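S.K.: Each chain is listed here by its residues.
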Amino acid sequence: KAGVTQTPRYLIKTRGQQVTLSCSPISGHRSVSWYQQTPGQGLQFLFEYFSETQRNKGNFPGRFSGRQFSNSRSEMNVSTLELGDSALYLCASSFNRGTTDTQYFGPGTRLTVL
Amino acid sequence: ILNVEQSPQSLHVQEGDSTNFTCSFPSSNFYALHWYRWETAKSPEALFVMTLNGDEKKKGRISATLNTKEGYSYLYIKGSQPEDSATYLCALWDNYGQNFVFGPGTRLSVLP
Chain A
216 KAGVTQTPRY LIKTRGQQVT LSCSPISGHR SVSWYQQTPG QGLQFLFEYF SETQRNKGNF
276 PGRFSGRQFS NSRSEMNVST LELGDSALYL CASSFNRGTT DTQYFGPGTR LTVL
Chain B
423 ILNVEQSPQS LHVQEGDSTN FTCSFPSSNF YALHWYRWET AKSPEALFVM TLNGDEKKKG
483 RISATLNTKE GYSYLYIKGS QPEDSATYLC ALWDNYGQNF VFGPGTRLSV LP
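Residue numbers (this note's numbering), protein chains in the order written: chain A, 216 to 329; chain B, 423 to 534.
Hints are supplied without guarantee of correctness; some may be wrong.
[Claimed, not checked] Residues from chain B that keep clear of chain A, each with C-beta distances beyond 12 angstroms, as calculated:
1) 467
2) 498
3) 501
[Said to hold, decoys possible] As a list, the in silico EDC-like pairs of lysine to aspartate or glutamate whose alpha-carbon atoms are at most 20 angstroms apart:
4) 481(B) / 316(A)
5) 480(B) / 297(A)
6) 228(A) / 267(A)
7) 479(B) / 506(B)
8) 500(B) / 516(B)
9) 480(B) / 506(B)
10) 479(B) / 316(A)
11) 272(A) / 506(B)
12) 228(A) / 297(A)
13) 479(B) / 492(B)
14) 228(A) / 316(A)
15) 491(B) / 478(B)
It is worth saying that the hints were derived from the structure and are not from the lab.
The structure displayed is predicted, hence computed values, not measured ones.
Note that CB positions come from ideal geometry on N, CA and C, so glycine has one too.
Produce the entire structure from the sequences given, and follow the hints as far as they go.
M.R.: Encoded structure:
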């Protein structure tokens with residue numbers, strides 16, 4: 216079974232731009248969660264989508280948004296990029312809700328904001 | 423804000439040693455606890471999902487216990503191997519299942 220895939224793997228943007236990251240979960244998984252990893256803040260939860268609905272959201276500004284499609288693929292969007300948005304963005308999928316089910320992580324997208 | 427702590431911050435052990443780490447959390451804010459292993463240049467790997475007080479889980483040489491009443495979980499590695507070198511993270515879902523907070527991690531180095 217193919218693992219979680221994320222595209223693109225690397226991205227360079229400038230301040231003020233917006234970016235969209237994509238995550239394809241393991242086949243059959245219905246939940247996709249997004250995380251941000253920075254050296255200063257560690258790994259932080261962004262949000263979880265399950266059956267096309269956002270179920271949970273971490274403490275991030277409204278510039279961070281996402282959606283999930285009927286095939287469970289998910290996209291994350293960051294608008295008006297700031298230097299502090301430079302980070303590794305990970306997504307993870309699980310069959311059931313990510314709260315109590317094992318999550319499988321993708322390789323991540325490394326975003327650099329100049 | 424939910425606070426999850428891990429100790430020690432880093433650990434160096436010899437191959438063959440057994441070791442353990444601690445994850446501490448507010449006992450009043452518990453829904454589920456996840457343990458992950460994160461090796462350098464790889465993605466985090468889920469180890470355990472723990473939901474019940476007294477839970478004990480085992481995966482090969484790694485095991486974990488959970489005490490929700492006192493707010494801690496232990497992760498044990500028996501007979502450490504160099505391939506166990508990684509950062510071990512715990513993460514807590516709060517009692518509303520709404521907020522998921524990661525601890526800072528314990529960085530383990532196993533010396534051959």
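S.K.: Now look at each hint and say whether the structure bears it out.
M.R.: Status of each hint after checking the structure:
no.: 1; hint: 467; in the structure: violated (7 angstroms)
no.: 2; hint: 498; in the structure: holds (20 angstroms)
no.: 3; hint: 501; in the structure: holds (25 angstroms)
no.: 4; hint: 481(B) / 316(A); in the structure: holds (16 angstroms)
no.: 5; hint: 480(B) / 297(A); in the structure: violated (42 angstroms)
no.: 6; hint: 228(A) / 267(A); in the structure: violated (28 angstroms)
no.: 7; hint: 479(B) / 506(B); in the structure: holds (17 angstroms)
no.: 8; hint: 500(B) / 516(B); in the structure: violated (30 angstroms)
no.: 9; hint: 480(B) / 506(B); in the structure: holds (15 angstroms)
no.: 10; hint: 479(B) / 316(A); in the structure: holds (14 angstroms)
no.: 11; hint: 272(A) / 506(B); in the structure: violated (32 angstroms)
no.: 12; hint: 228(A) / 297(A); in the structure: holds (10 angstroms)
no.: 13; hint: 479(B) / 492(B); in the structure: holds (18 angstroms)
no.: 14; hint: 228(A) / 316(A); in the structure: violated (34 angstroms)
no.: 15; hint: 491(B) / 478(B); in the structure: holds (15 angstroms)
This entry does not satisfy hints 1, 5, 6, 8, 11, 14, going by the numbered hints stated previously.
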